[in-house]
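Here the protein sequences come in this chain order: A and B. Residue 162 in the numbering used here sits at position 162 of the first sequence, and the numbers go up by one each step. Residue 8 in the numbering used here sits at position 8 of the second sequence, and the numbers go up by one each step.
Each hint should be verified, as a subset may be incorrect.
Said to hold, decoys possible - Covered stretches of chain B (in silico footprint by chain A; criterion: 3 or more residues with CB under 8 Å from a CB of chain A, positions within the stretch not fixed):
id: 1; region: 21-29
id: 2; region: 41-51
Stated by the list, open to error - Restraint-style ranges between C-beta atoms, simulated for each label pair:
id: 3; chain 1: A; residue 1: W438; chain 2: B; residue 2: R109; range: 31 to 41 Å
id: 4; chain 1: B; residue 1: M46; chain 2: A; residue 2: R115; range: 51 to 61 Å
id: 5; chain 1: B; residue 1: G47; chain 2: A; residue 2: D471; range: 33 to 43 Å
id: 6; chain 1: A; residue 1: D58; chain 2: B; residue 2: M46; range: 38 to 48 Å
id: 7; chain 1: B; residue 1: R99; chain 2: A; residue 2: R440; range: 27 to 37 Å
id: 8; chain 1: A; residue 1: R449; chain 2: B; residue 2: R109; range: 31 to 41 Å
The set of hints was computed from the structure by calculation and includes no laboratory data. Yeah, the Cβ is synthetic: ideal placement off N, Cα and C, and Gly gets one too.
Here's the letter readout for the chains.
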Amino acid sequence: MVRAALRSPALAVAVLLAALITIPLADSLYRVPIQVSDSLEPIVIAAKYDSGRHLLVDSLTFSPTTFRPSRYLQARALLALTDGTGLTHHAVFRGVHVALLVLLVGLFIAAVRVREWPDLVAFTVALPVLVGVHTFLSMLLEAFPVNHFAEVGVCALGVFVLAQHPSRWFVPIVACALLALSLSVVESGAMVWVTVICCAAAGLRGIDRTTVVSTTLLFGGYVLLRHVLGISSPGVGGHGSGFGDQFYSPEELTQRFGAHPLGFMLYNVTGGLASLLFAEPRQGVYSLLAAWRERDIHPVVLINVISSAATTGLLIWYAVTRLPGKRSTWSDVDRTFVVACAAFVVNAVFNAVYIKDEIMSPGGLFYAIATFVAVRALVERLPQQRLAIASLGAIFLATISALWAFRVAGVHYQLRYDAFKTRNDWVEVLRPDKHDDWPRDPDELALTRRLRTEAIDRRTTSPSFMPRWADRYWVE
Amino acid sequence: MILALFSVWWAAAGVAGDGLWPPDNVTLSEAVATRNNGEAVRLMDMGADPNRPTRVRDGLLTNGYAVTIKPIEAAVGAQRADSVRMLLANGVLVDHAERRMLLCLEQTRRDSGVRELLATESEDHLECEGVRSPLEQVH
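Using the sequences and the hints given, assemble the complete structure.
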């Protein structure tokens, strides 16, 4: 990328812009302490085992509905890195989190392939979409204690970038490795296989038959292994989710939809897709319905819906007016657009049982790539239009770009908020008035205490000292 | 471009100090008043006395004036049961007179969790007449 950047001034500027936007974001992300929920337990479990092999074998049966052995192995590897380097747990675990963010942005730059100045204009709209879309923030807020959704995003984008280049002998090996890694951390890892299939179906030249067959066999093996181990997929009621303008607990969902889940599943799939395309619903809940009922609509809902709907409108414009009907006449850019759209549409199916923004996070990455293609086409077309139409087009792009930039600023705010909440969560760990709940094992106690001390010692900002208006404009 | 400029400013502010929305420099009572239990624990770990009154700046619990109050008074004033419990667990002492004053303060800033933590059987009939609120302005 460095050599390419030196050859293309537009790419050099794009890399510079991305760096300028990513560095403060990395800073905000690094300020969030290691989480208590989802992180403390895997870290403690990983530290207890005398060998990685034992941990791997046992982790296969930790849960009847999930198969995530690498969660524990990664935690163990990072604990070893902490001990080996003398760094703090925060530096290692959160450092990996930041590295994943940088990788995601780097792969996005590689995927959109900025070469000329119009590409750069499209990039200045697409990058804020990448970072500002709510699924990206939800992905950043996850950490189990390594951010598995970000890992899946990196692997899916990695496959996509490989697919854009001529096929090479190592592509099937790398694609299988990325798929294996993704599937071993979280079920959404199947998005890597989906990406391979979408790339092959759209005719991207980097994915040949060998890659399709090998990744499909691997995915089939994964499904079979889950079956052999007796690991089932969670059904309706395994997780809370929204319906209409309300969020329901798992028990309520079972009671309401357990007997006839198909309609609810269809609602979730369409809702998952709509959440990406129109920023509504969120976690299955249509805030606009609630706002209508309460006669009080928060600006954040309007900003998100307007920016997302306008961007989706651009994608529809491209698909209808610019995409040739025959696959054989598609350009590389068309194929990129089709793969990106197909990936986020298929991603919506992953929401069948419950809607969660994180599940749509790989789709969010592809949504930004599709946006790049559509904006690039619009920018190319504007000079050919009459002045009035060209001006309107430019104003439209500037407006959605500004709205998305505002959403990106909100990501910082919400990361600060999350840092504050996460640090406060650690106050509830090793409570002085609940000695009976403390770990009995001295090593576990020492590790827990160290993690707690690191988190408490990292000062955060209370929302009381942040702008009062921010909640209404940035937090849904 | 605006976003990039904003980010440059953000990064520069970070290099120069703690950046935009830096961590608060607060007293123990202010930490509690702003729901910042993590900071309160850090301050206590560093030796701050949880029974000692400290200043709470204007705008956090009061409007138009600052007050000097104990952390537990700040917790009750901020309607934070979790903060009250955290302070009690960390060695805050509350005698009978103070408990009554806190319960009377809770009557003006209702929070059932706070009331539950402070209430005792002998205080079924709370009499608040003549009890001065720690959040009142001192002239």
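Hint check:
Closer than 8 Å: that is the beta-carbon criterion, and the region 21-29 of chain B has 5 residues meeting it against chain A, so the requirement of 3 holds. Evaluation of the coverage hint for the region 41-51 of chain B: fulfilled, as 3 residues show C-beta separations to chain A shorter than 8 Å, against a requirement of three. At roughly 33 Å, the beta carbons of W438 (chain A) and R109 (chain B) sit within the given window of 31 to 41 Å. One distance hint, 51 to 61 Å for the beta-carbon pair M46 (chain B) and R115 (chain A), holds here, with the actual separation near 55 Å.
Between G47 (chain B) and D471 (chain A) the Cβ separation comes to about 34 Å, which falls inside the hinted range of 33 to 43 Å. Between D58 (chain A) and M46 (chain B) the beta carbon distance is about 41 Å. The supplied range of 38 to 48 Å therefore holds. The beta-carbon spacing between R99 (chain B) and R440 (chain A), approximately 35 Å, falls within the hinted interval of 27 to 37 Å. In this structure the supplied range 31 to 41 Å holds for R449 (chain A) paired with R109 (chain B), their Cβ-Cβ distance being about 35 Å.
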